[in-house]
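Make the full structure from the sequences, and use the hints.
First residue of the first sequence: 1, per the UniProt record's numbering; consecutive thereafter.
Keep in mind the hints are simulated off the structure, nothing from the lab. It is possible that some hints are incorrect.
Just the calculated beta-carbon pair ranges, DEER-fashion [stated by the list, open to error]: (1) 76 x 121: 14 to 24 Å; (2) 498 x 551: 56 to 66 Å; (3) 125 x 145: 17 to 27 Å.
In silico DSBU-like cross-links for lysine-lysine, where the CA-CA straight-line distance does not exceed 35 Å [as the list claims (entries may be wrong)]: (4) 152 x 476; (5) 476 x 387; (6) 285 x 344.
Glycine residues also receive a C-beta, built at the ideal position from the N, C-alpha and C atoms.
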Amino acid sequence: MSSPKKPTWTGKAKATERDFNDLNPIITYRHLFAQNLGVRDPLRVIALCDSDAFYAACEMVRLEVDKETPLVVLQWEALIAVNYAARKFGISRMDKLKDALERCPHLKVVHVATYKEGEKEPGYWDNVDTNTHKVSLDYYRRESVKISKLFKELLVECEVEKASIDEAFFDFSKPVREILLQRYPYLATVPPNAPDGVDTPLPPPPPIHWDDLGWVIPINPPPPSEQVEEENKGQENDIDQEKDKVQEDVSSSWKDEESIPTWHDVALSIAAELMGSARAQVLQKLGYSTSAGIARNKFLAKLTASYKKPNSQAGSILRNAAIPNYLKPIAFRKIRFLGGKLGKAFAQEYDASTVTPLDDMQNKFGEESIWVYEVLRGIDRAEVKDKGSVLNKSMLASKNLPKPIKNASEGHHWIRVLAAELALRLNDARKESPNLWPKTLVLHARKGYEAGRSKQAPFPFTREITVDYIATLGDKLWKELVGNNVAMNVSSVQLAFTGIDVTEVGQQSIEGFLQNSRVNKRSREDGINPDQHFQSDNTRAPDDQSNIRPSYTCPRCSKTYHLPDATSGVDSDVALKALRMEHEDFHFAQDLTRESDQVPIVVGSPRPLNKNKKQRKEPVGIEKFFGRK
DNA sequence: GTGGATGAG
DNA sequence: CGCTCATCCAC
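Here you go:
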């Protein structure tokens with residue numbers, strides 16, 4: 001890799017497209033002033049920030065234990081999270097609880113929250129039983145939301161992409177540019193003597209004070225280190241930390257000579273400041289320590305973040321100049337998306353031949369090779385995109401049954417449990433985006449050791465999503481999938497929403513859901529009455545065949561409603577239920593407007609069954625479905 | 001729409 | 001390593 005070139009006005013080079021791929025691009029005034037260069041921005045700065053041992057950290061916050069207390073999170077018999085205090089005892093996620101306790105007798109052991117019979121909310125119980133309980137990760141999701149909200153508040157100028165429950169990408173390019181221009185005002189105008197005008201390279205950057213900004217990955221790593229990291233797979237221990245200390249000492253002796261700063265380095269350092277102070281606030285306000293990696297793109301930011309953990313003081317920073325040597329010893333499997341089969345295949349191919357032209361790779365691996373080819377050279381064009389309110393396109397609740405189901409009622413039972421969880425979670429998500437709508441409901445079931453099978457059905461929109469509503473549809477799917485076989489032997493059940501998206505208000509009704517519905521002969525302009533999505537009998541033409549179609553008669557207004565004719569592929573019971581719920585919504589809205597015209601119709605607010613009686617609160621959560629076996 | 005494959009943690 | 005969760009794609 002070429003050594004860093006010092007940008008200078010006297011240089012003959014004029015920046016071209018080609019330079020965008022370079023690790024040491026010539027950065028011109030045009031680059032600096034540009035607003036929408038996106039992934040081609042030579043000043044692009046991306047950070048990945050993730051929480052250290054997130055589930056364990058959540059439990060530490062919840063239980064108010066100090067960070068020195070070794071703690072593990074348990075899911076049945078398996079460790080799913082180990083905090084750093086516990087890792088010092090050599091405990092890892094792979095261990096059995098028994099082994100962990102042998103290594104650390106005073107280990108704090110916390111089982112994840114579970115749904116339990118007779119309780120409406122998930123909770124932390126003394127004795128959990130996989131035969132009767134179901135794991136709930138809700139608390140972690142909520143904490144995760146808290147954290148990402150705070151980050152977004154603190155870093156309003158950034159693009160933020162929540163990548164998983166415990167990590168997010170940040171694109172610092174915009175705020176960094178602004179600070180760059182504030183701090184170095186002379187950059188704001190192209191000097192009159194600049195040879196190529198706005199295409200003139202920027203003047204040499206000032207020296208950078210990296211102190212306290214983070215761990216700056218060395219350009220030339222000390223000879224005998226680094227590869228060691230491969231062998232002890234992610235197992236941080238005292239030896240590792242010693243190793244790091246040594247590295248730090250060694251690096252300081254030659255760091256200065258090696259580092260000829262670039263404006264991108266300045267950009268990195270500014271991002272490190274911003275990221276660092278945001279992380280400090282998250283730690284202070286919410287109690288979560290995080291690790292960050294800062295680099296020129298997502299892939300490298302991710303890789304950099306995992307370089308050195310935990311990382312409470314500062315993040316890790318990967319300068320462009322350090323990329324080649326940093327990448328060299330990194331195992332394929334550590335790269336995102338290459339942790340599995342694909343990575344293995346590539347690794348084999350690379351071992352076989354030292355020279356691997358892109359053409360060859362493409363012959364063997366197709367499209368994917370371009371991404372891999374570039375990524376191995378430190379290039380990643382993936383953008384940081386704000387997924388907004390629709391973080392997930394699907395939502396799944398599942399349960400593995402240690403003792404397989406033998407009769408239909410047990411299946412019914414678990415479906416209602418899973419439905420309850422989905423209802424809770426979707427209604428929760430709707431607090432953020434009221435118009436969230438899962439297009440389909442999918443039921444998976446596995447019999448014995450066979451491969452799992454699934455059935456799915458369209459999921460009609462309702463303003464209020466109830467357990468009953470989901471479970472009714474789930475039961476239908478169960479019948480299709482499992483039937484009533486005596487020896488059903490179902491060992492795993494999963495219920496999922498898929499195709500979750502926000503919908504237009506006009507598309508929300510059951511009417512919008514039903515295809516080819518002819519029932520609405522009148523135009524929609526005839527009023528905003530939400531009760532007119534279906535005609536009742538007294539408005540129906542005499543020649544119709546509504547009497548043979550499924551119908552529903554409202555006990556309050558005595559009107560009878562029918563499903564439209566062409567409801568192919570739609571389960572009539574479910575459609576009818578949707579129809580009924582929507583009609584009830586109508587009454588609910590009427591009641592509200594009658595009581596006060598100030599009260600808005602709030603999604604998820606309880607619907608009084610009878611406004612004159614004392615409100616009988618409908619059981620929330622899964623309470624009513626447990627203990628009804 | 002169904003079912004399988006893949007991957008993260 | 002067992003479990004939970006998520007996405008993508010061939011058919």
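Evaluation of the provided hints:
1. 76 x 121: 14 to 24 Å: 20 Å, holds
2. 498 x 551: 56 to 66 Å: Violated, at about 30 Å.
3. 125 x 145: 17 to 27 Å: Holds, since residue 125 and residue 145 (Cβ atoms, about 24 Å apart) stay within the stated range.
4. 152 x 476: 42 Å, violated
5. 476 x 387: 33 Å, holds
6. 285 x 344: Between residue 285 and residue 344 the Cα gap is close to 42 Å, so the pair fails against 35 Å, i.e. violated.
Checked against the numbered hints above, the structure violates hints 2, 4 and 6; every other hint is satisfied.
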